[in-house]
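Going down the list, the sequences are from chains A and B.
According to this note's numbering, the first sequence is numbered sequentially starting from 1.
According to this note's numbering, the second sequence is numbered sequentially starting from 352.
Mixed in with the good hints, there may be bad ones.
What the hints assert, rightly or not - Restricting the straight-line Cα-Cα distance to at most 25 angstroms, the calculated cross-link-like pairs of lysine to any residue (SDA-like) are: (1) B:K495 - A:W349; (2) B:K495 - A:F135; (3) B:K495 - A:A35; (4) B:K417 - A:W349; (5) B:K398 - A:A30; (6) B:K495 - A:K157; (7) B:K495 - A:T188; (8) A:K157 - B:G365.
No lab work stands behind these hints, which were simulated from the structure alone.
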Amino acid sequence: MTAVELDAALVAPRPAWRLTLGRFLSDRAAVASLAAFAFVLFASFAGGPIVSAIVGHSGYFQFPYATNASLDPAGIWSHVPTTQQVRLDEYGNVLPPPKGSPTTLMVLGADGPLGRDEFIRVLDGGKASIEVGVFAVLISVLIAVPLGCLAGFYSGKVDAIISRLTEWVMAFPLIFFLVFATVHLTPTLRPIGWGHDIPAGVPMVALLIGVFTSFYPLRLVRAQLLTLRNAEFVDSSRMVGASGLRIIRKDLLPHLVPTLLVWGAVAVATDMLLEVGLSVIGVGVQSSTATWGTLLAQTTGTIYNAGLSAGRGEHHTTWHTVWPTLAILISVVSLNQLSESLRRAIEPWRR
Amino acid sequence: MKRIGGFLARRIVGGALTVVAIVTLTWLMYWSISPQPGRFVYPLGIKITGYQLRDGAHRLGADRPKLTQYGDWWWHVLHGDLGHRWTGATLSNNVLTTVPIGPTLYPAVRETLSILVGGALLAVLISVPLGAIAGRRIGSHADKLISLGALVGVCTHPIVTGKLLTQWFGIDLRWLPVGGYCSFVKHPPPAGLPANFPTCGGPVDWATHLIMPWFTFAFLFLALYTRMIRASVAESIHEDYVRTARAKGARERRVMALHVLPNATLRVLTMVGMDIGTALGVAVFVEFAYGIEGLARLSIDAMTGDPFASATDLPMLLAVVTLIALIVVIGNLVVDALYAVVDPRIGAADRPGRTKEIAAGVM
């Protein structure tokens, strides 16, 4: 290496994002959380089809022989007869299937009295849950950025109205708004979907969660703009005659990206937990569609059937609670750490 | 002191305005969705006629001018009886009898407050020592373990915690009752039963029924409070006054309790204030997991509507909304007052900015 090259490498200005990326990649927790979340993404979007191709059935098939006579589901790693015909004796008791009938593998057993594959449903459920989280964050950013810019940059009366409204809404438990809105919008919005890729009900839940959580990024954006609007670079832009809109677009929006990234990573996790809450109450995605929320809801019962059966979640074992919980735990913990690491990489001076 | 008085007066007026605004908004939203009160009077009519709808609404007084009904609602609120429900209205011999809201709702408030207050105390009691241990040596094994546990706590939905705790301690080990609520005061058995008939009640029964709900509630909030106390302790442990206290020969426990931890009080208060709304949302799931018919459950039931009448019980809904708004506002007032007491410098100034973390999700 010659001296000239060395100088060039030292002197060449490195863009800020390269520095941030370097800091991010040299942080072991950051890389681990990124890898964990990438694994969750892969498992939930590609895992279901791959496992289906290997074992030969999808998460929608119902196997009558995946449950025993008292409707208790098959356990972990069981080979289940694929026949759809249930043989009965003259008293109506279920007989075992004929010897040598073909079987299929259920890795985590069956999901309950309906006899679907729990493993594939947990994988597929991840797809719907992550879609809810990501879409909800996108929607709330779309709402929050313009409103936050209005409130923060122009301040005055607009700011007062928006802030007051935010305070009122935030004083009230969010889940009540969600239940309220979901109950009344379900007939119109729940059928919207796009095949198996975006299951019906996911857009509705994402939209409502997105709208009602947009207050958090709104406050963030507003607070940031309030501090930035008096910065020198804004003054200089104004001096050369830039309009307010141009200043927001060119000078201020880039400053919001890191804040929103850090918030967004946590918010995806938060919104996934909200989806669980809605499903457990019984107003979210419809229960035949697998999401981590509906998988948990079938073990706990919803308000619509909780009072009816004394043993809520009968025909389910503790494992049926544990699998979706583990999946949620892995993704939420990794997203949380990802957000924390992003913050540390972007603002290393702040502890 | 005078400044604090003025500050509190302003807060009270602001809080009252907030309650009025929330109730009015709910009222407007629900009337715009046409609640069809007639269905409650003729609930079994599968094909309800237009006459029945009008007659039912008339008997419930729901066909009066909207403004009159709105005023009537506040009249009932100010008298404390909260009016009458639409659900359960029965028509016999051409006389309509309705169920008053107060008797259903006030016990429910007691149940919810038992969970909230007990759970919050438990959360603070556990998180202060944990935060102190973690914050004293950041990066130690204890710190890592506590942080991991806290993270798991905040990422576990209360309904899951509830389900697993019930399964283990209620069904498998049979240590604790699986659910339900027992009143704090023991009532005699209902008439017609012998006097020694076992009834549920009294402080011991009350506490054993609430242990699991308290832990479920605390497990979620533990994370946030532990993390915050940890940060506060880590910040102030290197301050000069702490070193001075140590140099004077004060024991470690005294240093922590008198010089380090008090710094976290303000932050804890701030968080408690803004978590009151969140906590009510969490209470929905805690009550749901343990089959407790508290205020949070009742409000969800009121919002999803009466499945038999397939309509919304508007007076009930307004009642729970009013009570929730009142709890949030009064809770915040108490926090404000405590704030002024703990840090007289701040007094009339606003509380520090609000930020919410992940528990907002479960809310």
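Hint by hint, here is what the structure shows:
1. B:K495 - A:W349: Status holds; Cα separation ~22 angstroms.
2. B:K495 - A:F135: violated (33 angstroms)
3. B:K495 - A:A35: Holds, because 20 angstroms separates the two Cα atoms, which is no more than 25 angstroms.
4. B:K417 - A:W349: violated (58 angstroms)
5. B:K398 - A:A30: At roughly 61 angstroms apart (the allowed maximum being 25 angstroms), A30 of chain A and K398 of chain B break the hint.
6. B:K495 - A:K157: violated (47 angstroms)
7. B:K495 - A:T188: Given that 25 angstroms is the threshold and the Cα spacing comes to 48 angstroms, the pair is violated.
8. A:K157 - B:G365: Given pair K157 of chain A, G365 of chain B holds - Cα atoms ~18 angstroms apart, limit 25 angstroms.
Hints 2, 4, 5, 6 and 7 from the earlier list are contradicted by this structure; the remaining hints agree with it.
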